[in-house]
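Chemist: Dock chain W against the given chain H, drawing on the hints supplied.
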Amino acid sequence: MANDNVVDVRGIVQTYPGVKALKGVDLKVDRGQVLGLVGENGAGKSTLIRILAGIESPVDGEVWVRGERVNFHTPTDAQRAGISVVSQEFRLVPELSVADNIFLCHEISAGGVVRARETRDRTQELLDLLELDVDPGRLVGTLSVADQQMVEIARALSREFDVLVMDEPTAALSAPEAQRLLGIVRKLASSGKAIIYVSHHLDEIFAVCDVITVFRDGNSVWNGSTSKLDESALVELMLGREPQAFVHTLCGQDYHDDDRPPRLRVRELSAPGLRRAVDIKVHPGEVLALAGLAGSGRMELMGALAGDVRAKSGAIEVDGVPVSVRSPFAARSAGIFMLSEDRKQEGIVPHLDVTENTMISKPWAARKGLAKWFTLSGLENSTFMTLRKRMRIRVPHGQVLIGSLSGGNQQKVLLARAVESQARVMLLNEPTRGVDVGAKVEIYELIESLAEQGAGVVVSSSDIPEVVAVANRCVVFHAGRPVGELAGDNITEDNITALALGQFKEVSHA
Amino acid sequence: MPEQSVLEATTVPTAPSGATKPRSRRVLGSGVIDSLVVAGPLVAIVIVAWAIAPNFMTGANISNILSNAALLAIVGFGMTLAITVRGIDLSVGSAQAFAACVTGISVNSLGVVPGILIGLLAGVVVGALNGMLVTLFAIPAFVATLATMTAMRGVALLTTDGTSVYISDPHFTQLATLSFGGVELSVVVAILLGIGTWFLVRHTTLGKHILAVGGRPQAAAESGIRVSRVLLVVYVLAGLMVGIAAVLLSSRLAVVNGTYGVGLELQVIAIAVLGGTSLAGGRANVVGTAIAALLLATVNSTLNLLNVPSYWQYVAVGLILLAALSVDGIRRMSKSRTGRASQAGGAA
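Residue numbers (the working numbering), protein chains in the order written: chain H, 1 to 510; chain W, 1 to 348.
Be careful, since some hints might not be right.
[As the list claims (entries may be wrong)] To give an idea of the chain H side of the interface with chain W (calculated C-beta under 7 Å), a few residues: (1) Val-93; (2) Pro-94; (3) Leu-104; (4) Cys-105; (5) Gly-112.
[Stated by the list, open to error] Derived lysine to any residue pairs resembling SDA-like cross-links, with alpha carbons at most 25 Å apart: (6) Lys-187(H) x Glu-160(H); (7) Lys-23(H) x Val-437(H); (8) Lys-312(H) x Arg-86(W); (9) Lys-344(H) x Val-395(H); (10) Lys-344(H) x Ala-221(W); (11) Lys-344(H) x Met-333(W); (12) Lys-344(H) x Pro-217(W); (13) Lys-344(H) x Arg-86(W); (14) Lys-344(H) x Val-227(W); (15) Lys-344(H) x His-397(H); (16) Lys-312(H) x Ser-334(W).
Simulated from the structure, these hints should not be mistaken for laboratory data.
Every residue, glycine too, gets a C-beta built ideally from N, C-alpha and C.
The shape of chain H in the complex, shown without the other chains:
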């Protein structure tokens, strides 16, 4: 081969039962280049990555690495060919130490015996490179999600590789950590590695990538130099149409004049992970956003409100009535619904259909007559069909398995579940994580309509533009405590970022 292409993907086709995930995609990346692979969810990026990682074999098409045709049957084949993958779903074993995880399946060993000391030293070098301050002997299960993400990255770097594939590597990272990672990506590229960088964060793509390949509906629809595109042109390529703008209507309303009791009132709540007791109020019709970095306390607060973790002290009231949330069930009974940030593990029930997934949280009291005891398919189906229309869930009928849907559609079904749960307080964690740009806006509209119907909505999000888009009021957390509250026009990305980073004084009080 005359060119520098380290990886040359030609006409890859991949099908799953009933779905054509890739319809013949092409992708090329050179040494020293960072290629941004973008596309909506379901566009086929993850499928291609799984093929490059040797986890799946394509139905048709060719993969060339350094001018040689390759056929990966196992992950080990891909590693031998010099492809190292940072997977979006962590391939970490919680019961093994950081060092053992990093060198899992390519242990530093002699005669089958692991050389512990060398493993630890090499691990320390990698952790230092990533500026990650954790003990190589610590069990991975005890690390935060962000640290696990860094360990997953360290693991990819521990192998000998020419090509590094990074699938949403910053999804669980805080902004400074993400920045640091982008620096490392650039350095790797300048040392001659080829990098395939997959992200939903377009600012990262523009910051770090030399070239961009856009996937849409299983096709590669565009590739070229980053400098030829701007953000809106890229979004248009991803969507295949012009993006809709989201304008929210409730902004600036003053709920404090409302004489109804708040939907949710939290007094002096202290919980594990919070370094100060928290007071918050959410009024009917209001969207309160909680912003802050990972580990800042907002997720811990949500967990305590949803009954995932027991609060140490403090009181929670729903509509002025004190409630006890000792378990998720107790929270649910008290009228609190939570949407987990981990949709796959804690949200969807993948082997049930969308109707069943919608109905699963419907309280006993809200079921009438025979429906208390039996699932009346006609009734449930018509309820779902109404919700499908209202929430623009894209499924042909109510018997589609939720596991087969795209992230955005799954999330809409879960919001339909929230509606059916008839909860008065909705706790939404990362409502658009892993959701593509088009569906994002629709989900914002749904959140707004949940509030319009009188629920008190709390959105906890690491996505600052999202907070700006949905919040009527915003409480920002830093280092285990709420450090500021923003309302109306003060909810800006700059203000939130400043507060989240602990720069309280620079917040403008315009």
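Modeler: Below, chain W alone, put in the same frame as chain H:
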């Protein structure tokens, strides 16, 4: 080579201070603490037994407890590995009877050394069969080994035609009680196998792969571990352990028959779980298994000395098993409450 340049291309910041020392001690420490959890009740039971059971602290009784514990522990090490990969081996009792019968017949007809080798092979064959059922046919270990348990019981009875076979060779029958400075061969073998299994789990690549497969099978597979091969090896090792215990048992008793080892599987599951090996997989505690074997052997012996009817011994094993399972369950629950990240791996 390429990765060398990764490290060179980037400035390596100075290591965070104080982060280098305590690491290996931590991992070791947690294992020691887990073992102490079992050692506590063991000491308590020994004290109680000493106080209430006549002749408990006699050389003969202690030696009897030790060799019973040794045979339990040897099978227990195999079970520990099986449970660590989220599996189980219910066939150990029947397999032990089968291997013992085969050993007895072979020693009588072919001599000591071939007899022992064939006995070990019998254990390995059952283990390999279990392993193939679990990997090739993807049968859940619980039902696969339940089936082999029933089938091998029948085969064991068939080999001896339902009767007892006496082993006449004195070289063979003296083997198990061969003394090494007052310690019987079976105890020595158990200690060596214990150290071997501990080393396997802690310090070998295979051991890491076993923990990985048990902790998160999907992650292990996507990391390039050949999961079915690991499972196969584990069941073969479990079978080998059963074979070793069967040879020692037939040497000790000098007579074999197809009814040996009824209910052994529950005793052995009890000691593995009591020892701190999690049914959720990914956590093996070999030292704990050995200590728990001593505990169970002490309880059995004490009940014998007190002339408690053997029916009560079933009750005792059942209660110990339930206690061990409850502790394991509570530990998993508290784990999933504190760390949501570990939940997926923690829940069985």
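Chemist: Of the hints given before, which are not true for this structure?
Modeler: The structure conflicts with hint 8 only, although it agrees with all the remaining ones.
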